[in-house]
Amino acid sequence: MPRLGMTLEEIRDLIGSGEIIGAADFRCESVASLNQAGADQLSFIKDERYVDQARASKAGALLVPHPMDELDTNQLVVSDPYRCFGLLLGRISEQSQRQPRGVHPQAVVHESARLGQDVTIGAGAVIREETVIGDRSVLYANVYLGQRSVVGAENVIYPGVVIREDTTIGDRVVIHGGSVIGADGYGFVQHEGRHIKVPQVGGILIGDDVEIGALTTIDRATLDRTIIGCGTKVGDQCHIAHNCKIGENVLLLPMVAVSGSVTVGDGAVLAGRSGTADNLRIGAGAVLGGTAVAFKDVPDGATMWGNPAREKGTELRIQAALGRLPEMQRDLRKIKKKLDL
Amino acid sequence: MPRLGMTLEEIRDLIGSGEIIGAADFRCESVASLNQAGADQLSFIKDERYVDQARASKAGALLVPHPMDELDTNQLVVSDPYRCFGLLLGRISEQSQRQPRGVHPQAVVHESARLGQDVTIGAGAVIREETVIGDRSVLYANVYLGQRSVVGAENVIYPGVVIREDTTIGDRVVIHGGSVIGADGYGFVQHEGRHIKVPQVGGILIGDDVEIGALTTIDRATLDRTIIGCGTKVGDQCHIAHNCKIGENVLLLPMVAVSGSVTVGDGAVLAGRSGTADNLRIGAGAVLGGTAVAFKDVPDGATMWGNPAREKGTELRIQAALGRLPEMQRDLRKIKKKLDL
Amino acid sequence: MPRLGMTLEEIRDLIGSGEIIGAADFRCESVASLNQAGADQLSFIKDERYVDQARASKAGALLVPHPMDELDTNQLVVSDPYRCFGLLLGRISEQSQRQPRGVHPQAVVHESARLGQDVTIGAGAVIREETVIGDRSVLYANVYLGQRSVVGAENVIYPGVVIREDTTIGDRVVIHGGSVIGADGYGFVQHEGRHIKVPQVGGILIGDDVEIGALTTIDRATLDRTIIGCGTKVGDQCHIAHNCKIGENVLLLPMVAVSGSVTVGDGAVLAGRSGTADNLRIGAGAVLGGTAVAFKDVPDGATMWGNPAREKGTELRIQAALGRLPEMQRDLRKIKKKLDL
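Chains as they are written, first to last, in the numbering used here: chain A, 1 to 341; chain L, 1 to 341; chain Z, 1 to 341.
Keep in mind that a hint or two might mislead.
Which copy is meant is left open, because identical chains are indistinguishable; a pair holds if it fits in one copy or across any two.
[As the list claims (entries may be wrong)] Subject to a maximum C-alpha distance of 27 Å in a straight line, what follows is the list of computed DSSO-like cross-link-like pairs (lysine-lysine): (1) 46 <-> 58; (2) 296 <-> 334; (3) 245 <-> 296; (4) 197 <-> 245; (5) 197 <-> 337; (6) 46 <-> 296; (7) 296 <-> 338; (8) 334 <-> 245.
No lab work stands behind these hints: they were computed from the structure.
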């Protein structure tokens, strides 16, 4: 149960504006969705589509976009209830994860590592030679930070994350549990029937405000740097291969696979389990639908579906026609018979 | 080599019934499959289909469903050889994993954690504030258990598993190496071209007798709880997104992806690498074939194949017709020519 | 920036042959790709296709396959520039990962473990009972090596890797961060509506010169051994299920899924995110294209594309025809009208 423990008045003060309908001193013990909320909980109405659910809700208080006269629930009227609710969630999240600052005595920090102010390092974390960790960053238990890697300020690196050597990470980056940043890319050349490794000696550059899900792999470049642009959000279990250049504010949903040396433009969206062949360019603002796989370049702003990915309208027409394919086959047989073919 | 070290008589006593043909004091040193078994090993015949393989087998002894007069091997006749063999495997498994009980001196257990009787905690495991671990549970090396999380009795949590804060796990649950339970779900809202995180403050509830494979991610709910029902078995590298409600006795085979807020009914089977779009309902007892992806609700008991998933018979007819598509195209050309179209 | 710090003459001596054009004492501080290289960097020309890029490159020196008179850059002419460049990368890689030898005081090594000469074990690694580690092997921080497992000589096991009990690994094997070797295979039998675990008591055998990417799972056999043949290279986030026999010099690119009891022949190539149903045989030298999924045996040397996988030529014809499917449907309607069907 996500604990809040604030009155409506305190909530309004935190948000900075809003009109209270009902009891300003009503105390919201915690938050919940409309369906699940009980008499001491706060919920919210995202927009008009949720009004019916709100009527049926047992929530003690609601964030609403305008006064809802038909409800006798306590209300706080705000311009963007979803965003305001998110603000409250942020506060709850912060409190629920609060922990002791400082370096745990069972962390292993090399003497050459440079730590900023108020850094937190959990038990079993291993911080190698010549690393740098910025102010207020939190590295949880059993994180590994390789030689010469640099982590910016206000990062949150969850337990078990492996960051290999020569990785550079910006500020306010979040990396969820168990992800591996900087493993060798898949590079082999054939020589007399055997596969010889091409050493992967490049690095990785992750911009500010990036979030990376759990158990994701981002491989180091062969020579230069694999790049994740600022503000990009990567889901769980994604794979970003060596030498990729992912733009800014890109969305890679869970289980997306970006193959080697692919460029993804700013603001592109790769939906769940979509992917690309290698050496492609996915345009700025382009969209790959869920499980779509691009085998060719995708133009800026295009929306592609299917595997192989086609322009969305084309793919939808093909899928509709596919449903009638057995019938088409029967028709053809009849026609051939009729025409003696 | 999985060591057994029991005579046929001891095996019969362990199973509780069965008729011995041959030497009751024949000692089965270990177990193996029919093909691999040698003169001091025990194997088994699942059913009639394996009789020919049994004839060619060099196994010193066999579990059989009825006397096999044509074989001169030692036999133990039992009503369900497969299940009885499984019983022996369980005994072997237990012995091969036996380890010292107690908390390893290099585990890091917070003073506020409450541990049941005969709990085992491996080196490097980190047990945070206000956690609870039930009787006889085993947490291997380098496991992380976050604040306020509760693990029931007789769990086995393999090395490197990360369980984030506010997770509740039932009894007799197995979680394989490196899985991450309770990472933040993928929730962002766009605001002036940037992606703003929706804090994920909900929890996770995992029922009794659940097994979770290696390197699987189960994300915490945004507000309420992501739920895995009792008796459900999840394979390696699955992804269960935030807010999902997975029913009881569901099978999720390896690499399955269940997107956000999906409900999966009791007894459903999602075969290898199948998946769903978000906000769907997969019915009780429904089956998704290997690599099938549901983009719409699936009714109770339906069997769906393909991507996008279609009713199995339909998909098979489409696939059959697809094989003849180039030929259909040639036919059409001929017809159009003949008809002057 | 991958540091090199060698003169062209020193590089020629390291390679063992080659003709220098320009300054033999030119010092290459580091290496880079043609596009990125600067005045103090070395790059290379793989073959004739890169000559134009070479002309535009700012590299201070180049490895070239023959004298390039039109360039005024310093050149080292060698018979196979790509392979020679790889040799230099290997040297850089070795230097950039160099670390203290020996067992870290915060590693947990059981007294019954047998360690070869010059073994390196990182902080937080846990080495269990009756294990063996060969000469010069490096186990990074937080690696787990289960009971009775054997690691050969000159292995590199990156941070957080979990190797369960009774695993045998050859020489010169590399396993990247977080991979889990030897988790239980997915084996359950149904009994009165519930799923009963089939204990997985077999082992794993990994041959010499195998490389395994990050966050990959290889499951232990039910009874015998899951086998990965010598020289096989497995990418990130692959899943190899129980009882598989993967041949020698096989390539499994990232995110490949090989289902239970599959045999893959020597020299086969499974491209990115391809996969197989269970109990199949993928022939020697066979190729599965990117995202192709085999639901039937694949003959030796065959190249299969698509899901379900078909012979490549067939699949290409089907995909081409699919693009015209909506048009075919319109044609059919016209024909039926004309023929009064």
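### Query
For the identical chains here, do residue 296 and residue 334 meet the 27 Å Cα criterion within one copy, between copies, both, or neither?
Neither: 39 Å inside a chain and 32 Å across chains, both beyond 27 Å.
### Message
Treating 27 Å as the Cα threshold, decide for residue 46 and residue 58: within, between, both or neither.
### Response
This pair counts as within: shortest intra-copy Cα distance 16 Å, inter-copy 55 Å.
### Task
Give the relationship of residue 46 and residue 296 under a CA distance limit of 27 Å: within one copy only, between copies only, both, or neither.
between (39 Å within a copy, 24 Å between copies)
### Task
Have a look at residue 197 and residue 245 and pick one of within, between, both or neither, based on CA distance no larger than 27 Å.
both (23 Å within a copy, 23 Å between copies)
### Message
Reference check for the pair residue 334 and residue 245, CA-CA at most 27 Å: within, between, both, or neither?
### Response
Neither way: residue 334 and residue 245 sit 54 Å apart in one copy and 49 Å across, limit 27 Å.
### Within, between, both or neither: residue 197, residue 337 at alpha-carbon 27 Å
neither (60 Å within a copy, 56 Å between copies)
### Query
Between residue 245 and residue 296, at a C-alpha cutoff of 27 Å, which is it: within one copy, between copies, both, or neither?
within (17 Å within a copy, 34 Å between copies)
### Task
Measure nothing new, just compare the shortest in-copy and cross-copy C-alpha distances for residue 296 and residue 338 to 27 Å and report within, between, both or neither.
Neither: 42 Å inside a copy, 37 Å across copies.
Checked against the numbered hints given earlier, this structure breaks hints 2, 5, 7, 8; the rest are met.
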